[in-house]
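Just so you know, the sequences run in chain order B and H. All the letters of the first sequence, read from the start, carry residue numbers 63 to 371 under my numbering. All the letters of the second sequence, read from the start, carry residue numbers 2 to 311 under my numbering.
If you are wondering where the hints come from, they were derived from the structure by calculation, not from laboratory data. All of these numbers come straight from a predicted model, not from anything done at the bench. Warning: the hint list may mix true and false statements.
To be verified - Covered by chain H, per the in silico footprint, the following chain B stretches (three or more residues, Cβ under 8 angstroms):
| # | region |
| --- | --- |
| 1 | 114-123 |
| 2 | 149-160 |
| 3 | 257-271 |
| 4 | 280-286 |
| 5 | 332-344 |
| 6 | 352-364 |
As the list claims (entries may be wrong) - Sample of chain B residues lacking proximity to chain H, with all beta carbon distances greater than 10 angstroms (derived):
| # | residue |
| --- | --- |
| 7 | S126 |
| 8 | T169 |
| 9 | G199 |
What the hints assert, rightly or not - Short, incomplete list of chain H residues facing chain B, as computed with Cβ under 8 angstroms:
| # | residue |
| --- | --- |
| 10 | I143 |
| 11 | N151 |
| 12 | L264 |
| 13 | A279 |
| 14 | L284 |
| 15 | P288 |
| 16 | M289 |
| 17 | V290 |
Built from N, CA and C at the ideal position, the CB exists for glycine as well.
Chain by chain, the residues:
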Amino acid sequence: MRYRLFRQPGKSLPFWLILPTILVLLLIQVYPAIYTIWLSLQEREPTGWTFVGLKNFERLFGMSAFSESIGHTIVFLVGYATITMVLGFLIALLLSRTVRFSGFFITLLFIPWIIADIIAGMVFRLLVVPDYGLLSGILQNPALFPPKGLSILTAVPPQSWFGDFPFPPAPAMSFLILASVWRALPFVTLLLLAAMQTVPHELVESSRIDGANGWQTVRFIMVPLMLPAMVVALFSLTLSGMNGVGMVFSLTGGGPGTSTQVLSYLLYTIGWDRLQFGRAAALALLIAIVNLTLITGTMRLTRVNEGNT
Amino acid sequence: MINKISRRNWNRILINGALVLVVIFAMIPIATTLIISFKTQQDITRKPPVIFPCDTETRAFDLSACRWSVEGYDRVIAPKPSDGLLGFSLTGNMLRTYLPNTILYATSASLMVVLFAGLSGYAFSRYRFRGHAVLMAAILAITGVPLLTNLLGLYQIGITLRKAQIPFYDDRFFIILVYMGFYLPLSVWIAKGFFDAIPIELEEAALIDGCTPLGVLGRITMPLALPGLAAIFLLTFVSVWNEFIAGYLLIAKNEHKPAMFGLYEFLGQNIINLQVIAAACILIAVPMVILFLFTRKSFFKAMVEGAVKG
């Protein structure tokens, strides 16, 4: 009823208001997506593009670099998301306890988030440039890191524990995770802090009175109530970790060898280094499918939880 | 009683102390970059590296002996004397070409995003029309499509547009359009949220008083929505400023490439001139940090709004 007043002047007004947005999105988001699907089924021949069915996917799965990159991506994502979530939660817990300086701390803590991923990669690279980086003096000291000292950007990955799966990760991968955590931490902290502040104070208080210790309060009162926000944070971390490529560019360039070549960087390598666009499209499609699965899954999950509480 | 107060004080000291430690850890990479950017080449390529270039032959640290220099910044900016208004001109590619490009892309893309997201966010907030829910869901789904997987298609569009020889067209139009398309979906959701928070009674009153719907939008709603729109502008501006891969791959001519590409180029050119890389990083990052420090409330609002929706 309340919208009748707005309907009178002409039903087409909202349509015209939305039209520019729709046009831009069709050109920049929808068309490229359809084009990628088409491209993944094509192969460039001297005569032009020809339809090859699922051959691009077959070739992609046959590439050793592809299966390797999946391993690297899993190691990266698990390390990145877990460490960021745990640290973010702890820092949010600290921030929720301080009253007087929280604005000041939040502002300072947030600066890494405002710095571009490619700059963040360079900033961390400067620390470990072989021989001249400020940390290299310590890391490359043979006395501290036997037998030859540790040069993060050139050290070969350690012997894997699980056959082809790249765990434990190469020093460069651990460092990439560290740099990524540094940049993502502010965002997650703020998100969790906002959620933490919606937990009713009386609930925490009464659990204290009932004899719960600090850990039990966090585990049984705060975490369940914050679950939707934690899912959102985890999901945006996974997405940003999966699709972010700038830091790999500026920190390691995928190296040493292929030890930091995650899927997003592999996409760039296949597409723009080797110019195998069909295969790159197949990979892009796979990444997009994982993204969409994650999004729908998260939306389901948070909705279910909202229904419960 | 005394015991209790002192325990509470202890807690406060511990918490603040822990936070100070966290802040210090967060600041270390930035601080080291700042230090490196002011070092001389001799101090950069020393083995083993020293943190502060302040040691003398007899003492490890002597404040009066510090060898600070602006060599790095000098090589990024490359000022040369000229007959211009200032008596010198800045000849470094970073400041002459890449940074103006970035400012152009970030400003125009954010303005367009604010305009388009404002209009459609208003429509989504105030009208219920056929396909309302479907369109909103579709835009939310698009939010999750990363720029990365669309790059192949965008690359192809870029080539086609370049070949079409449209008069006055160059890659700059295209990259602005790409940034718009990429940051619009989330902005539409954020804008809708901000419009939802404005009481509809205000608009109804204006309509009854004889204002046209567009007049209501321009005179009542937009001024009230201004803080929200400013937040969208800031968020888009920083995102475009910091974006690397699209600017790197979708622009053909070097003279149209943005500052992030310039930085990447520096990385390849200065293998051991770490002070030059550091200085370039500082020069490109500082405007965003300053912008953030002055507008952080706006940022947090847009971010939380966007995170909850996205």
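Broken hints, numbered, in rising order?
Failing hints, ascending: 1, 3, 4, 8, 9, 14, 15.
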